[in-house]
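Novice: Next come the chains, spelled out residue by residue.
There are 2 protein chains.
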Amino acid sequence: MTYCVAMCLSSGLIFASDSRTNAGVDHIATFRKLTVFEEEGDRILVLQSAGNLATTQSIVNLLQRRCKDAERINLLNAPNMYEAARLVGETAREVIHRDSDAQYGGSTTDFSCSLLLGGQIMGEDTRLFYIYPQGNFIEATADTPYFQIGESKYGKPIIDRVLNYHTPLEQAMQCALISIDSTLRSNLSVGLPLDVMIYPRNSFSSSQQYRITEDHPYFTMIRKNWGEGITSMFSQLPPLEL
Amino acid sequence: MTYCVAMCLSSGLIFASDSRTNAGVDHIATFRKLTVFEEEGDRILVLQSAGNLATTQSIVNLLQRRCKDAERINLLNAPNMYEAARLVGETAREVIHRDSDAQYGGSTTDFSCSLLLGGQIMGEDTRLFYIYPQGNFIEATADTPYFQIGESKYGKPIIDRVLNYHTPLEQAMQCALISIDSTLRSNLSVGLPLDVMIYPRNSFSSSQQYRITEDHPYFTMIRKNWGEGITSMFSQLPPLEL
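Order-wise, the sequence lines are chains F and Y.
All residue numbers for the first sequence refer to the working numbering, where the first residue is 1 and numbers rise by one.
All residue numbers for the second sequence refer to the working numbering, where the first residue is 243 and numbers rise by one.
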């Protein structure tokens, strides 16, 4: 499995992904699930993926390769984020159909995947899309400013409690990190390292990308702080009265 | 959906269930999912259920009716909790097979359910079982002292952070309530009122049963306290350093 979260807030975008993939419990590996498509000063697009790894790698490969063909619409020349999301959805359909239709008789492997595409193209505001395995997609709004894919339930309560559209980027990233920490503790199929990125609105820069490993000092500290804080808050609850 | 949690701890048992059932989003109703089987001074058995409501109601009905037939092994004369769990599993199989096998052509309704059975029978310690739709079951241990059924992921991180086998019953119930609150906030298919029960080891009493409605003063207070505590803890996190 995987856990990715992306947020589209008033001051910019937040992306955070784990890097674990597993087929069963004994085939565990580390793969980056966050890919940046960038044209200096014109656009930054960030793609996160969860689901069948062969599918998601194929999608990323095809999207990257097609960026070199200026004759066709691609992620580096799409006129707006809507068209970029449509293109990603179309590529997802193409790969999923190709592999599903070619299955040998009776096989029912699930080739599907879910994708998040966020970013900004010059002339538009920041936008974030959730792209379904069917290739269609929805867009985040001020009412629902975040999307999750993969093993999303463990880390949802903390986001629902603290995040809103006007949360500053720094706090939103803290929220994403705690959301991932909660998931890491409860589910083996989500694992370090993490790939995270902060995109300040209108910056057209991908400079705030970070990889967070097991011994990352800040992540280690807030995991510890948060865990201890929860325990201490819990011990201070008023005595049970039912 | 549903969310039920049960804990088997050194000082006794904790049970907490929501009461929402839904078939799609427009057929929502309230049904109790916690049933007590009791023989004063000899045994207390508590059954919690999640899954197809027709199935779980049938199982409870059959188990209750059969308690009146002293010729057969039933929940009120089973010699130990293992036999009681086996009996519940067998009854689950019976109902699920009956309804699944009788489906009209092509229909693939899911008649399955999951069950938790906890309690104490004179001569034994407290025990807790997780019964699968297949009728087989596993038992909680000091290493893994709790089980959840239904919509369990949202409420798992808080339990993993604060609960262990030696947590006192009062705190364990607080943990269960917060776990349910986290679930209620993130998932519409889990809803109030809650049915909860505290069973102190060797008490052979079911007197500590409570129904918690929307305006329950203690639940309202800890929901508020917890929510505010999380927000305040969050605002005090050390500044982001990536």
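Be careful, since some hints might not be right.
Stated by the list, open to error - Below, a list of computed lysine to aspartate or glutamate pairs in the EDC-like style, where the Cα atoms sit at most 16 Å apart:
(1) Y:Lys466 x F:Glu214
(2) F:Lys224 x F:Glu214
(3) Y:Lys466 x Y:Glu456
(4) Y:Lys310 x Y:Asp341
(5) F:Lys224 x Y:Asp402
(6) F:Lys68 x F:Glu39
Everything labelled a hint here was simulated from the structure, so no lab data went into it.
Novice: Between Y:Lys466 and F:Glu214, does the CA-CA distance stay at or below 16 Å?
Specialist: Violated - the C-alpha atoms of F:Glu214 and Y:Lys466 are around 34 Å apart, more than 16 Å.
Novice: Is the straight-line distance between the alpha-carbon of Y:Lys310 and that of Y:Asp341 16 Å or less?
Specialist: Answer violated: Y:Lys310 to Y:Asp341 is near 24 Å, above 16 Å.
Novice: Holds or violated: F:Lys224 and Y:Asp402, Cα atoms, limit 16 Å.
Specialist: Holds - the C-alpha atoms of Y:Asp402 and F:Lys224 are around 14 Å apart, at most 16 Å.
Novice: For F:Lys224 and F:Glu214, compute the direct alpha-carbon distance and say whether it is at most 16 Å.
Specialist: The given pair, whose Cα atoms are some 13 Å apart, holds under the 16 Å limit.
Novice: Does F:Glu39 lie within 16 Å of F:Lys68 when you go C-alpha to C-alpha?
Specialist: Satisfied, since the Cα-Cα distance of roughly 12 Å is no more than 16 Å.
Novice: When you check the alpha-carbon spacing of Y:Lys466 and Y:Glu456, does it fall within 16 Å?
Specialist: holds (13 Å)
Going down the numbered hints, you'll see the structure goes against 1 and 4, while the others check out.
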